[in-house]
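Read off the chains here:
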Amino acid sequence: MAELRDIVAYLCDRYPYPNELSNARLTKMIYLADWKSAIEREEQLTNLSWEFSHYGPYVPNVIRLARSEKDFEVKRGETIYGDQKELVRYKAESDAAAGYSTLKPEDKDLLDFVIHSVEDKSFTEFVKLVYSTYPIVTQERYSILDLVNLAKEYKEVAPLLGS
Amino acid sequence: MNHYSQTGWKKRIGGWIREYWSRGAVVAGAVLFSSVGLILSPQVEGWRWLLTSWPGRIFVLGVVLTLFGNAATWRREKRLAGLQQEVTELEEQVAALEDRVETRTRDYYAQFRTELARVLKEELGYGDTERISVYRHRGRTFQLLGRYSENPQFDRRTTRLYPDHQGVVAKAWEDRTAAELSLPDPEGDEASYYQTLEEKWSMDEETTRQLTMRSRALVGCAIYEPKGVDREAVVIVESARVGTITREEVVRAMEGEAGSRIYEFLEREESNEPDPNYAKEQDY
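Just so you know, the protein sequences line up as chains A and B, in that order.
First residue of the first sequence: 2, per our numbering; consecutive thereafter.
First residue of the second sequence: 9, per our numbering; consecutive thereafter.
If you're looking for bench data, these hints aren't it; they were derived computationally from the structure.
A hint or two may mislead.
Claimed, not checked - Derived lysine-lysine pairs resembling DSBU-like cross-links, with alpha carbons at most 30 Å apart:
#, chain 1, residue 1, chain 2, residue 2
1, B, 129, B, 19
2, A, 109, A, 153
3, A, 76, B, 18
4, A, 92, A, 122
5, B, 86, A, 92
6, A, 122, A, 153
Since the structure is predicted, the reported quantities are computational estimates derived from the model, not experimental observations.
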């Protein structure tokens with residue numbers, strides 16, 4: 002299974018607008034990767050346990066990892082409206098050459114798919130996409146999202162949805 | 009000049025020195041360093057040689073270039089610092105706006121619930137034995153977008169996608185309005201309740217058992233866009249009792265102020281509305 006560290010590093014390296022990579026955006030991109038993986042491979046890319054929290058699909062692991070690993074930098078600050086913001090940056094460059102050791106080529110394809118599917122979206126469209134995925138549409142807030150089983154359900158329902 | 013403006017000037021000068029002292033030191037150092045040659049040279053012609061001899065002209069040119077170059081660099085750095093500050097502020101605004109965008113989407117259901125509470129309580133005057141729900145038609149399913157009941161048990165949602173051939177919601181979507189006003193009492197005759205729903209409304213027992221409200225009266229009404237051509241959604245008003253809601257009352261409300269209020273919410277919040285069709289189009 003791919004390590005979260007490699008996934009976060011890969012997304013930080015490959016996402017074309019690194020200044021946009023807040024903890025919220027990065028976490029949701031990893032959720033999209035896990036959901037896509039559950040649909041296509043019947044397993045998550047990570048072993049994270051997703052919760053439909055107040056902040057949508059959420060795990061605290063991404064920001065914890067960024068804070069604890071020396072290769073990442075978390076820029077903390079406050080917006081002009083007093084809201085907290087945390088931008089995650091990947092500082093090390095050695096992994097780019099090493100090829101993110103725990104990521105298989107199909108994992109990289111999956112992450113590339115996520116990057117390409119959201120890079121040109123406005124934040125409104127990005128958030129709408131996340132909140133329109135089957136687990137978030139069908140599950141109650143504060144529930145744990147069993148993405149693999151929900152993907153099985155979704156594959157039965159998806160043909161009934163519009164094109 | 010008053011005390012406050014004097015303090016202001018002192019602060020500005022202090023700030024300027026803190027910001028630029030290193031560059032000033034470099035300029036002064038460069039000039040002094042070059043001047044060493046002048047001081048040590050015999051000055052037979054006085055200072056005129058600065059303008060008449062080649063070494064003197066080169067020295068003057070060097071000093072002038074050093075001063076102008078540094079002055080230009082200062083101005084440029086100041087402009088860059090201003091732009092950098094502007095970029096930081098804009099980034100902060102983007103982050104704040106993103107947070108607000110997410111809040112709008114995150115709170116879609118809560119906002120819709122508030123809107124529907126007004127419709128059910130203020131415009132229809134119903135109480136805690138009633139409930140109102142709004143569904144969008146997606147492909148061959150109905151998606152539950154909004155729900156409100158004063159009763160916490162009825163207010164719950166078990167799922168938000170339903171097949172589009174079952175229940176009053178399907179009939180209302182098809183025929184504009186639909187009603188079932190006296191289902192058997194599930195407390196007294198459960199079997200008859202399930203049987204009626206299955207035979208009349210194509211709802212199997214398994215589906216009925218998952219419902220969070222065992223309604224005895226339901227009225228469904230399609231909501232149209234203002235031109236009255238396209239159906240946008242279906243509203244279901246239901247009651248746990250017989251005799252509280254009437255078809256005429258609900259239809260009148262949905263064709264009037266209450267229907268407009270619901271349509272306006274759907275229209276206004278469309279960009280934030282969760283839509284599984286959109287996720288499917290994006291291959292998620």
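Cross-check of the supplied hints:
Annotation: proposed proximity of residue 129 of chain B to residue 19 of chain B is violated, straight-line Cα distance about 62 Å (limit 30 Å). Restraint check for residue 109 of chain A and residue 153 of chain A: the C-alpha separation of about 23 Å stays at or below 30 Å, so the hint holds. At most 30 Å may separate the alpha-carbon atoms for a hinted pair to count; residue 76 of chain A and residue 18 of chain B exceed this at roughly 34 Å. For the hint linking residue 92 of chain A to residue 122 of chain A, the alpha-carbon distance of about 26 Å falls within 30 Å, and the restraint holds.
Distance check on the hinted pair: residue 86 of chain B and residue 92 of chain A sit about 28 Å apart at the alpha-carbon level, within 30 Å; holds. Proximity of residue 122 of chain A to residue 153 of chain A is assessed by CA-CA distance (about 27 Å); at most 30 Å being required, the pair is judged to hold.
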